[in-house]
Every structure is written in C-alpha cells, then in structure tokens.
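For reference, the chains in residue letters:
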Amino acid sequence: MGERPESRVDRIVSGLLRGRRLKLRGGDAEEKEAIVMAARLAAARGGPQRMSPAFRQRLVKQLQATPPESWMTRRAALVAGLGVVAGAVGGGLLGRSLDGSGTQPGAAAGHVVRPTNGRWVDVGSVADFVPGEARMVKAGAVGAFVTRNGDSVSAVSSICSDLPCELWWNSSQHSLVCPCHNRAFTAQGSSIGTYKLPSLDVVQVRVREGRVEVLGV
Amino acid sequence: MTSEPRPPDPPEEAVQGQVVELPAASRVADMAIDELEMIYAFIYSRVGNRADAEDLTQQVAMKAIPRLRQGSPASAVRGYLFATARSVLGGFWSTRLGLSESELHEDLAMAMPQSGYSEESVERVRQVLEQLSDNYRRVLELRFLHGYSLKEVAAEMRSTVGAVKVMQLRALRAAAKVRLDG
Chain A
11 MGERPESRVD
21 RIVSGLLRGR
31 RLKLRGGDAE
41 EKEAIVMAAR
51 LAAARGGPQR
61 MSPAFRQRLV
71 KQLQATPPES
81 WMTRRAALVA
91 GLGVVAGAVG
101 GGLLGRSLDG
111 SGTQPGAAAG
121 HVVRPTNGRW
131 VDVGSVADFV
141 PGEARMVKAG
151 AVGAFVTRNG
161 DSVSAVSSIC
171 SDLPCELWWN
181 SSQHSLVCPC
191 HNRAFTAQGS
201 SIGTYKLPSL
211 DVVQVRVREG
221 RVEVLGV
Chain B
47 MTSEPRPPDP
57 PEEAVQGQVV
67 ELPAASRVAD
77 MAIDELEMIY
87 AFIYSRVGNR
97 ADAEDLTQQV
107 AMKAIPRLRQ
117 GSPASAVRGY
127 LFATARSVLG
137 GFWSTRLGLS
147 ESELHEDLAM
157 AMPQSGYSEE
167 SVERVRQVLE
177 QLSDNYRRVL
187 ELRFLHGYSL
197 KEVAAEMRST
207 VGAVKVMQLR
217 ALRAAAKVRL
227 DG
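Quick note, the sequences are listed as chains A and B, same order.
For the first sequence, the residue numbers in the numbering used here are 11 to 227.
For the second sequence, the residue numbers in the numbering used here are 47 to 228.
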C-alpha cells in the first residue's frame, strides 16, 4: 500500500518545520507544486534569513582561497548570460563597466572618474557651497555631489555604486541616500551600514580663483 | 562655464575625494560576500531550510565567484550570482524530485527578487495566503507561520488530525495555483 498523498506531503512539511533538509522519495514529484509551496511557506515563517556567522566565515575563507587569475572575460560573461540578467537589474551600470573596461582595464567602482575628452566645468563660487553639505552639480554629463571642507572641496558621483539611481542629500542625516534601496553613503562616498557597498566613484574637482570646477564632459 | 577641452588627466592634487583602494581580487570577493547574503536569503526562501540553503549558496559562490570580472559593479555581480542561483536551484529541485528541469513547473524558474534579503518572498507568501479561502489560509497560517502541530491545528479548528492533513495538502495545492500580478 503506497503512502497517501496527504501523509506524503505532511512528512515533508513536518521535516521542514523542524528545520531539516528536504528529503524527498520516489513518487513525491506527483505533489511537486505542493512541496515547493510548503518550502516557501516554511521559509516565510522566520522572515528574511541571513547567513549564520560561521557559514559566512567559511564562505569568506573559500573565496579568499579562490585563485584570482581566472577572472571572467567580457565574452565569457556575455555567453554566461551576465549581460541579459544584470540588464534587468542595472543595465546602465553594467554597460558602463563592460564598455568602459576597454579603455580602463583596471577600473573598478569607487575609482576616479576620468572622462575621455574631459573638461573642467565651472559649477559655482566656493562661497555657494555650505561647508559639510553635499550639493549636487552637473558638469555636462557628469553628475556629482560636491562637498566643501574649509577651503578645499571634494566630489563624488551622484549615481549609486550599486543600482543605477541618482542619490539625494539627506541634510539631517548628513548622508547621500539611494532612493532605489535606501542605502546610504558619506559625503566622501563611503558606504554606510552593516553591509558595505563599493564606494561611490570619485569625481575630480578643484578650486580656481574662488570658483569650483568639476571635471566633466 | 569653460568650453575649452582639456586633457582628461588633471594634476593629482586636484582630486580631493577619498578613493578606497583594495586589491582587485579581494574587492570583488568582498562585494560578492555581501551579494551572497541576498543569494542566501533568496535560496532559503525557496528551499525553506538552512542546511540546503547553505549548500546551494556555497555552490553558487564556488561556481560564480571565480568567473567574475575584475572591476564588475555590484549590479553585475548580483546579476551573475542570481543567474547562477537560479540554475543551481533548478538542479536542486530536479534532483530531489527526480524530474528533468524541463518538467519542473515554471514557478521554479524563480524570478529574481527586486528588494534586498527577500522581503519580497515573504510578502509574496502573505499575498498568496490572502487569496485562499478562510479554512485553507487558517490551516497554512497555523501550521507554517505559527508552527502548530497537526494535533494543535485540529484542536484549534475543531477538526480531526486526518481531516487537517487532507486540508493542508489541498491548501498547499491551492496556494501553488495562486497567480499574482507581477
């Protein structure tokens, strides 16, 4: 006599609710939709899950032991579907990276923006910038948040390093906030929070005769 | 405004911003570890237990990380990791259920979550439950969300263990049929 479907599924449900691995037997596939749903419901019980510290540490060790020489080529990335999948998430950024890599092989997020045929664009008087407050400026196609620190200025890209969204300056929190996923950065571009994102790209800026100039295009 | 084109390579002192420089390899690995948190949450939301979620996340990491490009932005890393995760999950269900991947239901294709740490998965479960009849929703809520035993569910619903077991199966089948927009 075979196991009744309701008993079959309850055996799997009971295992899941005890935190056990999914152990399926021959014939369980007949209830595949119910089993998959049971796994999703069991997962929802505890809310979003995080890796345990021990597992995270194990992964870090394994990754550190991974040889870096086999970095994926652009062609391999595209063949593997990277372009298609990432396009759904942040096509703009991906395209920038893949295309930009041709001219700057070592470029990574958080690096200095070096536009081809860049030109210094006047974005205002130093006095226009309140010390410690990031202010958004446009230098042609380059958007940046410029912050005045005494007599000097610094600037970071106005685009989040993770998603292709324009940041905004939260003056009460003194941070640059990405509206797409509420991640925040300091005015100098460092990621704030437990899970660090890459730093914002650095935009080149200078002061000439009391005027702030940003390297744009 | 200046209109005169200038060489793109300005004097170093012009750059005031802080650049965080890490070796390229560890940089990608660091970024990937953070992204793997999302992958873990995503996988966990599909398999419902820690041991399988850890194994599969590890598989994703070992398959995908060595192939990531130096300098890839987080979005590209995430996209590739999720693509790998979907493939690994497909293989997992296929092996466990003894079916070819083409026989697996489309639901198992597992769309990439848009929000962090799979809050979306939890929200979807809530939305699915809302679509069910009162009895079906109640049995699944008590069993899965509150962790009741069959006996406790039976007592709560003034029913028998056998009847609750059947209702649980029917409720799961019904939940699997719920289609949500988006």
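Hints are supplied without guarantee of correctness; some may be wrong.
[As the list claims (entries may be wrong)] From the derived model, a few chain B residues whose C-beta atoms are all more than 10 angstroms from chain A:
no. : residue
1   : ALA107
2   : ASP180
3   : ASN181
4   : MET203
[As the list claims (entries may be wrong)] Straight-line alpha carbon distances no greater than 30 angstroms define the calculated BS3-like cross-link-like pairs of lysine-lysine that follow:
no. : chain 1 : residue 1 : chain 2 : residue 2
5   : A       : LYS71     : B       : LYS197
6   : B       : LYS223    : A       : LYS33
7   : B       : LYS197    : B       : LYS223
8   : A       : LYS33     : B       : LYS197
9   : A       : LYS33     : A       : LYS71
10  : B       : LYS109    : A       : LYS33
I should point out that these hints are in silico values taken from the structure, not numbers from a laboratory.
Beta carbons are placed, not taken as given, at the ideal position from N, Cα and C, and that holds for glycine.
Quick rundown of the hints versus the structure:
Under the 10 angstroms C-beta cut-off, the non-interface status given to ALA107 of chain B relative to chain A is violated; the minimum distance is some 6 angstroms. Remark: the non-interface label on ASP180 of chain B is consistent with the geometry, its nearest Cβ contact in chain A lying 17 angstroms away (cut-off 10 angstroms). The beta carbon of ASN181 of chain B sits about 15 angstroms from the closest Cβ of chain A, which is more than 10 angstroms, so the claim that it is off the interface holds. MET203 of chain B, annotated as away from the interface, keeps every beta carbon of chain A farther than 10 angstroms; the closest lies near 15 angstroms.
In summary, the hint linking LYS71 of chain A to LYS197 of chain B is not supported, as the alpha carbons are separated by about 45 angstroms, beyond the 30 angstroms threshold. Note on LYS223 of chain B and LYS33 of chain A: the hinted pairing holds, with a Cα-Cα distance of about 23 angstroms set against a maximum of 30 angstroms. A hinted pair counts as satisfied when its Cα atoms are at most 30 angstroms apart, and LYS197 of chain B with LYS223 of chain B qualifies at roughly 27 angstroms. The hinted pair formed by LYS33 of chain A and LYS197 of chain B meets the criterion: a straight-line CA distance of about 23 angstroms does not exceed 30 angstroms.
With a C-alpha separation of about 29 angstroms, the suggested pair LYS33 of chain A and LYS71 of chain A falls inside the 30 angstroms cut-off, and the hint holds. For the proposed pair LYS109 of chain B and LYS33 of chain A, the alpha carbon gap of about 24 angstroms is at most 30 angstroms, so the pair holds.
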